[in-house]
Structures are given as C-alpha cells and as structure tokens.
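Asks: Each chain, written out:
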Amino acid sequence: MSAKNKFNQISTGWNFTISLLLIIISLFILLPMILVAIISVSSAESIALNGYTFFPSEYSLRAYENLLKTGTQIKNSYIITIFYTVVGTVMSLFVVSMFAFVLSQKRFPARKAMTYFAFFTMLFSGGLVPSYILNVRYLHINDTIWIFLLPGLVSAYHVIILRTFFQTSIPDSLFDVARIDGANDFTVYWRIVLPLSKAGLATIGLFNVVGRWNNWFTGMLYIENPKLIPLQTMLQKIQKNIEFIKMNADFADSAMGFEYLRSIPTESTRMAITIIATIPILFAYPFFQRYFIKGLTIGSVKG
Amino acid sequence: MQYIKRIWIKNIRPNFTLYLMALPAILALIVFAYVPMFGLIMAFQNLNIRKGIFASDFVGFSNFKFLFTTTDAWVITRNTVCYNVVFILLNMFFAVLLALLLNEMRGKKLAKVLQTVFIMPHFLSMAVVSIIVFSILSPTNGLLNVILDSLGYPKHSWYMEPKYWPFILVIVNAWKNVGYSAVVYLASITSIPMEHYEAAIIDGANRRQQAWYITFPHLKVMMSIMLILSVGGIFRGDFGLFYTVPQNTGTLFPVTDVIDTYIYRSLMTLNNVGMATAAGLYQSVVGFVLVMITNKIIEKVSPDNAMF
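Protein sequences, first through last, are from chains F and S. Using this note's numbering, you'd call the opening residue of the first sequence number 1 and step up by one each time. Using this note's numbering, you'd call the opening residue of the second sequence number 1 and step up by one each time.
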C-alpha cells in the first residue's frame with residue numbers, strides 16, 4: 001500500500017463513510033456463500049417448511065453424514081480432481097518454466113520467432129470444435145486421464161509471465177559466472193534459475209491449481225467413466241439431472257423417474273457437496289494472496 | 001546441403017540444449033493450439049465421419065450461409081456482444097472505483113481483509129456459482145421467493161421468465177469478477193512512485209486532486225491493457241456463465257444464448273459439425289481483427305499504452 005504520511009490522509013469523516021461502504025459491499029459478496037453453507041446444515045424439515053433462509057428452524061448435520069456414508073462418487077471425484085490438479089500443475093510448471101527460460105536467454109537465435117509463435121495462440125484459436133474432433137477422433141484421449149493433463153499443458157499467458165519474471169529478477173551476471181564454471185544450459189536452469197524463482201513459480205502454480213480445480217467443462221465434454229469425473233463436473237451433472245426431471249413431469253411420475261429422484265441428493269446434501277468442493281481453494285487462497293497479485297502485475301508489464 | 005550444415009554449426013549445435021528444452025512446449029503448442037487452427041477447414045466442409053477431414057467434400061460457404069440466415073445468428077450475436085459490452089464497461093467502472101476507494105482508506109489492515117473478501121468469488125467455479133444462484137432463485141425454496149412470500153408478494157418462477165435474466169447475469173458476472181479486477185488495479189496503484197505524490201502535495205493538492213491527477217492517469221495504462229484483452233474477446237461468451245447459471249433452460253435462450261452455448265449445442269445435440277466450426281471460425285477471426293484494431297487505435301492515441 002502506498003505509504004502516505006499522516007498529514008496527507010483523507011478526513012476521518014470520509015474515511016468512515018468509505019470504509020462503511022466497502023464493508024457493506026463485502027457483505028453482499030459474502031452473503032450468498034454463507035447462505036449455501038447454512039443450507040448445508042439446515043434440516044430437511046426446515047427446508048420443506050421455510051425454504052432456504054439464513055435462519056433455519058432446525059439445524060442438522062445429516063447431509064454431511066450422508067456424504068461420508070454413501071459418497072463413493074464424491075470420494076472418486078475428489079481423488080481424481082486432486083490427482084490431476086497436482087500432476088497437471090507440476091507437468092505444466094516444468095514445461096512452461098523451461099520454455100520461458102529458453103525465451104529469456106538473449107543469445108538464443110530462435111528467441112523472437114518462438115515468442116511470437118507462443119504469443120499468437122493468445123490472439124487466435126481454433127475454437128471448440130476442431131479441438132474436440134482432434135481429442136476424440138484422432139488422439140483418443142477422451143475419457144482418459146490425459147485429457148486433463150495434455151491440452152492445458154502450455155499456456156502462452158503463463159509463458160510470458162514467467163519469461164518476464166526471469167528477465168527482470170535474475171541478473172545476467174549469474175549466468176556468465178555459471179557458464180565460466182562449465183555449466184550447461186539445463187544445469188543453469190535447474191540449479192540456478194528455478195531456486196531463485198520461487199515467487200514466480202508459486203504464482204503460476206497457483207493459476208494452474210485454481211484453474212484445474214475449478215474446471216468443470218473438460219469433464220462434462222469428454223468424460224463418461226464415473227471414476228474420472230471431476231468434482232465440479234459432478235456438481236454440474238447433479239444440478240442438470242434435477243432440472244431434467246423437473247422439466248419432464250411424465251418422467252418424474254413414472255417408476256423409473258421416481259427411482260431416479262430418490263437417488264438424487266437432497267437439497268441440503270447438494271449444498272454440502274458444494275461446500276466440500278470449494279473449501280480447499282477458499283482456505284488456501286488467503287495464504288497465497290500476495291503471490292497471486294504479484295503475478296498479475298508482472299503479467300501486465302508489456303512483454 | 002552446405003547451407004543446412006552451416007545452420008547446424010552456427011545456430012543449432014551451440015544452443016542444442018536450449019532447443020531441446022524448448023521442444024516439449026513447442027510440441028504441445030503445435031498439437032493442441034496450431035493443429036486445431038488447421039482444423040478450422042471443417043467450416044468449409046460437409047464433414048463425413050467415415051471419410052474424415054481429409055476426404056470430405058468442400059461446400060464453400062454454405063455452412064456460413066446456414067449459420068447467418070437463421071434468426072438464431074442475430075440473437076446469439078446480439079446477446080454475446082451486448083452482454084460483453086455491458087460487462088466490460090460496468091466491471092471496469094466499478095473495479096476502478098473500488099480500487100481508488102480501497103487506496104484511500106486509512107485502515108490498512110481492514111483494507112487487506114476487504115481485498116481478500118472481494119477476490120473470493122473469483123475462486124469459485126461456475127458450477128458452484130450456479131448452485132449459489134439456484135439457492136437464491138429456486139422457485140420452491142429459493143431465498144428470493146421466501147422473502148417475497150413473507151412480504152406478501154407472489155413467488156416467481158425465475159428460471160421461466162426471460163426478462164429478468166439480463167439483470168441476473170450482469171449481477172452474477174459483476175459479483176464474480178469486479179473484486180478480482182479491483183485488486184489488480186489496486187496492485188498497479190501501489191507501484192506509482194511516491195515522488196509524484198510528494199510533488200503534488202508541495203503544490204498544494206488535496207487527496208481528491210491527487211487521485212484525479214496522479215492515480216487515475218496511471219491507472220489508465222492498466223485499463224487500456226485490460227480493455228484490449230477484453231475487446232478481443234467480445235465475441236466470446238463466458239460459457240460457464242451462460243450455460244450453467246441459467247441451467248441451460250430452453251425458455252431463456254432468447255436472452256441467455258450466446259455464440260459459445262450455441263456452438264456447444266450444435267456440436268453435441270444437433271451434431272452439426274460444419275456449422276459449429278463455422279461459428280467458431282467467425283468468433284476467432286472477428287476477435288483477432290478487433291484486437292488488432294483496438295491496439296492500433298491505442299497506439300495512435302497514447303503509444304506507451306499499446307500492447308505491441
């Protein structure tokens with residue numbers, strides 16, 4: 001925060017007003033999330049009677065108990081989501097940081113060409129359909145773990161951010177010293193640049209983790225196998241199925257529809273799943289806030 | 001032959017390790033970014049699954065004709081562009097305002113806490129956001145209907161009434177994104193050198209004048225970068241927002257359908273690959289042209305702010 005001296009502050013009156021206004025705004029932001037949390041601990045009776053409210057007539061941990069007992073799908077989704085988030089992030093960090101290192105080396109002849117090669121992908125893309133056809137018909141990575149790991153491996157945006165980071169934070173003299181001692185480029189990257197770049201790597205790592213954890217689209221588009229369904233996709237599917245039933249009254253009345261309805265989690269259970277799917281990220285975030293912000297500002301420096 | 005040898009000795013061999021290190025990324029980009037670009041050729045084909053891309057017939061622009069002669073094309077384009085314009089302008093206005101206000105606050109600890117809260121919605125997936133919206137708009141139990149009911153007003157079936165959805169979507173989008181942008185702007189404010197403020201104080205400027213003459217112009221750099229990036233995406237709808245939050249309800253399509261959701265349905269439900277690709281090509285080309293134009297304009301107006 002810019003440190004203004006005490007004589008240059010706004011008046012107490014204005015400060016109070018502004019602070020109050022911002023606090024009210026932050027409440028508006030928090031309340032919807034709090035509502036979901038409260039619904040998840042509201043008893044089914046309270047919901048049937050009063051609907052969703054901040055003050056349920058009766059609390060109950062039933063929803064969470066249910067999840068623990070019968071939530072095989074949730075456990076699977078949790079496992080697969082954690083797996084591909086971690087593995088995908090590590091893979092991507094490795095490939096991207098190596099590439100960014102290469103691009104930061106002034107003596108690399110293909111430097112300009114490769115930078116533009118990467119940058120162009122930020123301006124133009126083939127869109128959904130060609131990628132879908134490629135992944136399904138030609139690469140056959142749909143319904144496998146690879147669909148989560150390969151297509152998102154390199155993000156030009158991340159490359160540029162890391163390259164800028166390497167260029168500005170690591171003095172050239174370090175490279176010269178290392179080369180005189182006979183280190184090859186990979187050793188320089190691995191032993192010198194990486195350890196010094198913890199902040200930059202943390203930032204890009206964070207972008208990766210958040211993006212992958214919250215990704216529901218890839219799973220929805222490509223996955224049928226229940227063992228591979230990510231958390232957020234599972235959430236989305238549950239919502240979709242419920243809407244489907246509501247729209248199709250005949251189906252709901254039929255025997256099959258009735259069975260289907262019974263297998264769908266109750267309202268409070270859905271909210272409980274939502275909470276469980278989000279808590280890890282929400283809790284981790286405040287700790288990494290400063291890395292995140294730093295990364296954003298570095299990225300916006302003209303590349 | 002001599003030429004190739006020369007390139008090998010002068011260019012590649014001394015930097016062999018570097019080339020090797022760049023290889024995985026280049027391969028990934030070729031396969032997953034550039035190959036699909038060539039796949040856009042399908043927009044001009046009548047794709048036959050068995051013949052594959054390389055043997056299917058070319059049908060010229062008929063996929064595009066099909067796309068543009070339906071009234072759908074107008075509706076989805078209008079929706080996509082209008083929502084994006086509102087999103088960009090509204091979000092930028094409130095984000096800058098919030099950033100300036102946060103910067104003026106005297107309680108720095110409180111400001112930090114507020115920042116954390118503002119940026120939280122950004123970390124929720126759209127699946128979660130759609131459930132949050134559902135908990136408010138659900139026709140049976142939703143908070144909004146519960147409140148309306150207790151005040152004596154009739155309950156609404158929100159998911160069935162198109163006219164409210166432009167507002168709903170704008171609010172949800174702002175809820176999710178304004179805080180994030182505000183924090184980004186705030187971070188760029190903190191990088192303004194103190195000397196500028198000191199000079200202004202010597203000249204007798206009060207806080208409001210400082211904000212207007214120093215803080216805001218510096219913010220303009222960040223704002224123009226954000227603007228360029230946003231304009232390039234003006235033909236792209238946030239698929240998560242427009243698909244999950246309205247729960248893909250058909251009745252709402254006239255106001256919630258955007259190009260991306262249309263493409264998705266064309267591909268998955270109607271299996272009309274040619275038209276879906278054509279729509280995607282249309283999006284990418286227009287977006288690219290817009291970024292170039294916006295960049296040129298900013299180049300002319302204030303050269304330092306341009307991206308390239």
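These are calculated hints, taken from the structure and not from any lab test. Positions of the beta carbon are idealized from the N, C-alpha and C atoms, including for glycine. Worth double-checking, as some hints may not be accurate.
Said to hold, decoys possible - Which chain F residues stay away from chain S? Per the calculated CB distances, all over 10 Å, these:
1) LEU67
2) PRO109
3) ASP143
4) PRO226
Stated by the list, open to error - Reference excerpt, derived from the structure (chain F facing chain S, CB under 8 Å, subset only):
5) ILE34
6) MET114
7) ALA118
8) SER125
9) ASN142
10) ILE145
11) LEU196
12) LYS198
13) LEU235
14) GLN236
15) GLN289
Unchecked claim - Chain F stretches covered by chain S per the calculated footprint, using a threshold of three residues with CB under 8 Å from any CB of chain S:
16) 165 to 177
17) 185 to 193
18) 205 to 212
Asks: Work down the list of hints and note, for each, if the structure agrees.
Replies: Status of each hint after checking the structure:
At roughly 15 Å from the closest C-beta of chain S, the C-beta of LEU67 of chain F stays outside 10 Å, upholding its exclusion from the interface. Distance check for PRO109 of chain F against chain S: the nearest CB is about 5 Å away, which does not clear 10 Å, and the non-interface claim fails. Look at ASP143 of chain F: its CB is around 15 Å from the nearest CB on chain S, clear of 10 Å, so calling it non-interface holds up. With a cut of 10 Å on Cβ distances, PRO226 of chain F stays outside the contact zone with chain S, its closest approach being about 17 Å.
With a cut of 8 Å, the hint placing ILE34 of chain F at the interface with chain S is violated, because the nearest CB-to-CB distance is about 10 Å. The interface hint given for MET114 of chain F holds, since its Cβ lies 6 Å from the closest Cβ of chain S, which is under the 8 Å cut-off. Satisfaction of the interface hint for ALA118 of chain F is found here, the shortest Cβ-Cβ separation to chain S being roughly 6 Å, below the 8 Å cut-off. Interface restraint check for SER125 of chain F: the shortest CB-CB distance to chain S comes to about 6 Å, inside 8 Å, so the restraint holds.
With 8 Å as the threshold, the beta carbon of ASN142 of chain F stays out of range of chain S, its nearest partner Cβ sitting at about 13 Å, so the hint is violated. Using the Cβ-Cβ criterion of 8 Å, the hint placing ILE145 of chain F at the interface with chain S is not satisfied: the shortest such distance is roughly 16 Å. At its closest, the beta carbon of LEU196 of chain F sits 17 Å from a beta carbon of chain S; the interface hint therefore is violated under the 8 Å criterion. Annotation: interface hint on LYS198 of chain F violated; nearest CB of chain S at approximately 19 Å, more than 8 Å.
About 4 Å separates the beta-carbon of LEU235 of chain F from the nearest beta-carbon of chain S, less than 8 Å, and the hint is met. Interface restraint check: GLN236 of chain F against chain S, minimum CB-CB distance 4 Å, threshold 8 Å, status holds. The beta carbon of GLN289 of chain F comes within 6 Å of a beta carbon in chain S, closer than 8 Å, and the hint placing it at the interface holds. Under a criterion of three residues with beta carbons nearer than 8 Å to beta carbons of chain S, the stated coverage of the segment 165 to 177 of chain F fails, only 0 such residues being counted.
Counting residues of the segment 185 to 193 of chain F whose beta carbon lies closer than 8 Å to any beta carbon of chain S gives 3, which meets the minimum of three for the stated coverage. For the segment 205 to 212 of chain F, the proposed coverage by chain S is not satisfied: 1 residues have a C-beta within less than 8 Å of a C-beta in that chain, short of the threshold of three.
When held up to the earlier numbered hints, the structure conflicts with 2, 5, 9, 10, 11, 12, 16, 18 and fits the remainder.
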